[in-house]
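J.: Chains as they are written, first to last, in our numbering: chain V, 1 to 415; chain X, 1 to 196.
To be clear, the hints were calculated from the coordinates, so they are not data collected in a lab. Be careful, since some hints might not be right.
[Claimed, not checked] Some chain V residues flagged as far from chain X (calculated, every beta-carbon gap over 10 Å):
{"#": "1", "residue": "Thr2"}
{"#": "2", "residue": "Glu48"}
{"#": "3", "residue": "Leu112"}
{"#": "4", "residue": "Gly173"}
{"#": "5", "residue": "Gln256"}
{"#": "6", "residue": "His389"}
[To be verified] Cut-off 27 Å, straight-line C-alpha distance, at most; resulting in silico cross-link-like pairs (BS3-like, lysine-lysine):
{"#": "7", "chain 1": "V", "residue 1": "Lys49", "chain 2": "X", "residue 2": "Lys90"}
{"#": "8", "chain 1": "X", "residue 1": "Lys164", "chain 2": "X", "residue 2": "Lys69"}
{"#": "9", "chain 1": "V", "residue 1": "Lys314", "chain 2": "V", "residue 2": "Lys92"}
{"#": "10", "chain 1": "V", "residue 1": "Lys254", "chain 2": "V", "residue 2": "Lys92"}
{"#": "11", "chain 1": "X", "residue 1": "Lys149", "chain 2": "X", "residue 2": "Lys90"}
{"#": "12", "chain 1": "V", "residue 1": "Lys49", "chain 2": "V", "residue 2": "Lys335"}
{"#": "13", "chain 1": "X", "residue 1": "Lys69", "chain 2": "V", "residue 2": "Lys392"}
{"#": "14", "chain 1": "V", "residue 1": "Lys49", "chain 2": "V", "residue 2": "Lys314"}
{"#": "15", "chain 1": "V", "residue 1": "Lys335", "chain 2": "V", "residue 2": "Lys314"}
{"#": "16", "chain 1": "V", "residue 1": "Lys254", "chain 2": "X", "residue 2": "Lys69"}
{"#": "17", "chain 1": "V", "residue 1": "Lys92", "chain 2": "V", "residue 2": "Lys272"}
{"#": "18", "chain 1": "X", "residue 1": "Lys149", "chain 2": "X", "residue 2": "Lys66"}
{"#": "19", "chain 1": "V", "residue 1": "Lys272", "chain 2": "V", "residue 2": "Lys254"}
{"#": "20", "chain 1": "X", "residue 1": "Lys164", "chain 2": "V", "residue 2": "Lys49"}
{"#": "21", "chain 1": "X", "residue 1": "Lys149", "chain 2": "V", "residue 2": "Lys49"}
Don't be surprised by glycine CBs; every beta carbon is placed ideally from N, CA and C.
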Amino acid sequence: MTTLHSYQLNFGPQHPAAHGVLRLVLELEGERIINVDPHIGLLHRGTEKLVELRPYLQSIGYMDRLDYVSMLCNEHAYVMAIENMLQITPPKRALYIRVLFDEITRILNHLLWLGAHALDVGAMSMFLYCFREREVLMDCYEAVSGSRLHATYYRPGGVQRDLPDRMPLYFKGFSDKEKEGLNQDRQGSFIEYVRSFSQRFGEHVDEYEALLTDNRIWRQRLEGIGVLTLEDALQLGCTGPILRASGMQWDLRKNQPYAVYSELNFDVPVGKNGDCFDRYSVRLAEMRQSNRIIMQCLDWLEANPGPVLIDDYKIALPPHNRSHTHMEEMIHHFKLMSEGFSLPVGETYAAIEHPKGEFGIYLVSDGANKPYRLKIRAAGFPHLAALSHLVKGHLLADLVTVLGSLDIVFGEIDR
Amino acid sequence: MIIEERRVTIDTYFAECAALRDREGFTQLTDLTVIDYLTYGQSEWVTQQATTHGFGRGKLALDLQKGQKDRNRFEVVIHLLNYQENRRVKVRCFVPVEVMTMPSLFEIWASANWYEREAFDLFGVAFDRHPDLRRLLTDYGFCGYPLRKDFPMMGYDQIIYDRKTEVCVHEEVRDRLRVPVPKVIRFPSSPKKEQL
Chain V
1 MTTLHSYQLN FGPQHPAAHG VLRLVLELEG ERIINVDPHI GLLHRGTEKL
51 VELRPYLQSI GYMDRLDYVS MLCNEHAYVM AIENMLQITP PKRALYIRVL
101 FDEITRILNH LLWLGAHALD VGAMSMFLYC FREREVLMDC YEAVSGSRLH
151 ATYYRPGGVQ RDLPDRMPLY FKGFSDKEKE GLNQDRQGSF IEYVRSFSQR
201 FGEHVDEYEA LLTDNRIWRQ RLEGIGVLTL EDALQLGCTG PILRASGMQW
251 DLRKNQPYAV YSELNFDVPV GKNGDCFDRY SVRLAEMRQS NRIIMQCLDW
301 LEANPGPVLI DDYKIALPPH NRSHTHMEEM IHHFKLMSEG FSLPVGETYA
351 AIEHPKGEFG IYLVSDGANK PYRLKIRAAG FPHLAALSHL VKGHLLADLV
401 TVLGSLDIVF GEIDR
Chain X
1 MIIEERRVTI DTYFAECAAL RDREGFTQLT DLTVIDYLTY GQSEWVTQQA
51 TTHGFGRGKL ALDLQKGQKD RNRFEVVIHL LNYQENRRVK VRCFVPVEVM
101 TMPSLFEIWA SANWYEREAF DLFGVAFDRH PDLRRLLTDY GFCGYPLRKD
151 FPMMGYDQII YDRKTEVCVH EEVRDRLRVP VPKVIRFPSS PKKEQL
């Protein structure tokens, strides 16, 4: 009789806990994991090749589709790379709007992560609570850009348009009473709408904590699982919340500040043990800090009206009404929409603190209107590569916990 | 943020990288990538000479033969981060075209593992002493190196469902690539490679 020592198990590519299209070839001994071999690339769309074919302005939309749960942060790195090359600085109001939306995006990302992670581990209701709050933030996206997900809102030299003075109202398909509730926060400007959310969001985070942090099942599933020491985290290229959960006080917003982060007050939460629970705690604390930043941005934006896009028609589009009535502006509009602008010869690396870690754009230009080479340094890529290191020796059920705590999104990993 | 740049040769590549980690404290490999210089500085549409009829409308094809034998066609660029001193450095090294192989940095930084697999997959640069050099992003059984400049955007073959035989079959790509906006160089290109 032969004895079976280890066997292989195929996990995915279609599995609800794989967070997308991930295929894992697991080598198991009973329920214990000996080795994991992630097979990725099932969502590979060749973004890096596609952007080489298009003028710079047309590729902003591709950035949204990388990490499709933190859309505007991806765009931020891309427009920052172009701005570095052109050596332009957007108006301050545009930078504040960017920071505001980066933090809204961070909350969006962490909410989706929290909901999905809790769902994987077995807490169904978290998903519903998280999506309730995400809805409000999606409406913020919609109010400024017209899209709920892929905003394409940032532009080299600023943002596409200013924050709206009025929020759109619900008017069809609801009873009067429902409408009253839905439109309650929407009576004022965009800033007031975000502020009303921001004021109650802290309590919502308390709710999540009440459900999870001291929940005995939650702690048993997360504590001591997937421990990553600081040394290993650095070796494996981990950044962002995962590196911070392992005890490194490092945040690009603080250490290499971009936009207006140097003017804002916030703390960088740091973990101690580097296990799944610390990664959860760090992200939850980050949401509170993001909320703090949002409050400060709103105050500033309310007090300081001004332009949101640089006044250089060689790079930024002229105002819509003028390009229809003025010759000069129309020529610029035509030129930008057809050929686009060219970047000087050179290269740059622009990195931002993405909700998942360090997201970088390495841009090489040969003086043309298209990037010669654009390398996207995806934040989740090294994290998934670290998976086999993290789960070795754990049980199969813990694999799902570890995978969830890494916050994997395939749009950016496969690119 | 200013990023220091170090240019090394293939002979010193591994030793320099090891020294950067051990002596200069670059504990993390942030990124590793390859650049293909095949069509660097080539324009698809020359608009310098305007005639009395205006500018030419014809689009020039990129000359894919020109740089084929260039010894410095492929370049590996790595980005490193020193957390203690808050410094970034990038190291660049040309890939020897005869062998198309670089020493693997896996022994220095574990994160090089997947970055090198990706570079191998998309550019066909092999990495010596890499523990597990397989394709990473492209499909099982894929041929060619898609991010090379001479690899067509549409690829070489496509998979279609054949209704008659009721199976998926590979066939040659029939569609031609449309380039809506030609590549135009507006900045006088200083030949970067010679400069360095």
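J.: When you check the alpha-carbon spacing of Lys92 of chain V and Lys272 of chain V, does it fall within 27 Å?
T.: violated, 37 Å
J.: Taking 10 Å as the cut and beta carbons as the points, is Leu112 of chain V off the interface with chain X?
T.: holds, 24 Å
J.: So if I understand the rule, the pair passes when the alpha-carbon distance is 27 Å or less; does Lys272 of chain V with Lys254 of chain V pass?
T.: holds, 20 Å
J.: If I take the minimum Cβ distance from His389 of chain V to any residue of chain X, is it greater than 10 Å?
T.: The claim is violated: His389 of chain V sits with its nearest Cβ about 8 Å from chain X, within 10 Å.
J.: Hint check: Lys149 of chain X vs Lys49 of chain V, CA-CA at most 27 Å. Holds or violated?
T.: Cα-Cα ~9 Å, so holds.
J.: Check whether the Cα positions of Lys149 of chain X and Lys90 of chain X lie no farther apart than 27 Å.
T.: With Cα atoms ~23 Å apart, Lys149 of chain X and Lys90 of chain X stay inside 27 Å; holds.
J.: Is it true that the CA of Lys69 of chain X sits at most 27 Å from the CA of Lys392 of chain V?
T.: Violated, at about 46 Å.
J.: Does Lys314 of chain V sit within 27 Å of Lys49 of chain V, going by the straight-line distance between their CA atoms?
T.: holds, 26 Å
J.: Find the nearest Cβ of chain X to the Cβ of Gly173 of chain V and say whether that gap is larger than 10 Å.
T.: Non-interface label on Gly173 of chain V holds, nearest chain X Cβ at 40 Å vs cutoff 10 Å.
J.: Determine whether the non-interface label on Thr2 of chain V survives the test: each CB of chain X must be over 10 Å from its CB.
T.: holds, 28 Å
J.: Is Lys149 of chain X within 27 Å of Lys66 of chain X, Cα to Cα?
T.: At roughly 12 Å apart (the allowed maximum being 27 Å), Lys66 of chain X and Lys149 of chain X satisfy the hint.
J.: Checking one constraint from the list: CA of Lys49 of chain V to CA of Lys90 of chain X, max 27 Å. Satisfied?
T.: holds, 23 Å
When the structure is compared with the earlier hints, violations turn up for hints 2, 5, 6, 8, 13, 16, 17, 20 and for no others.
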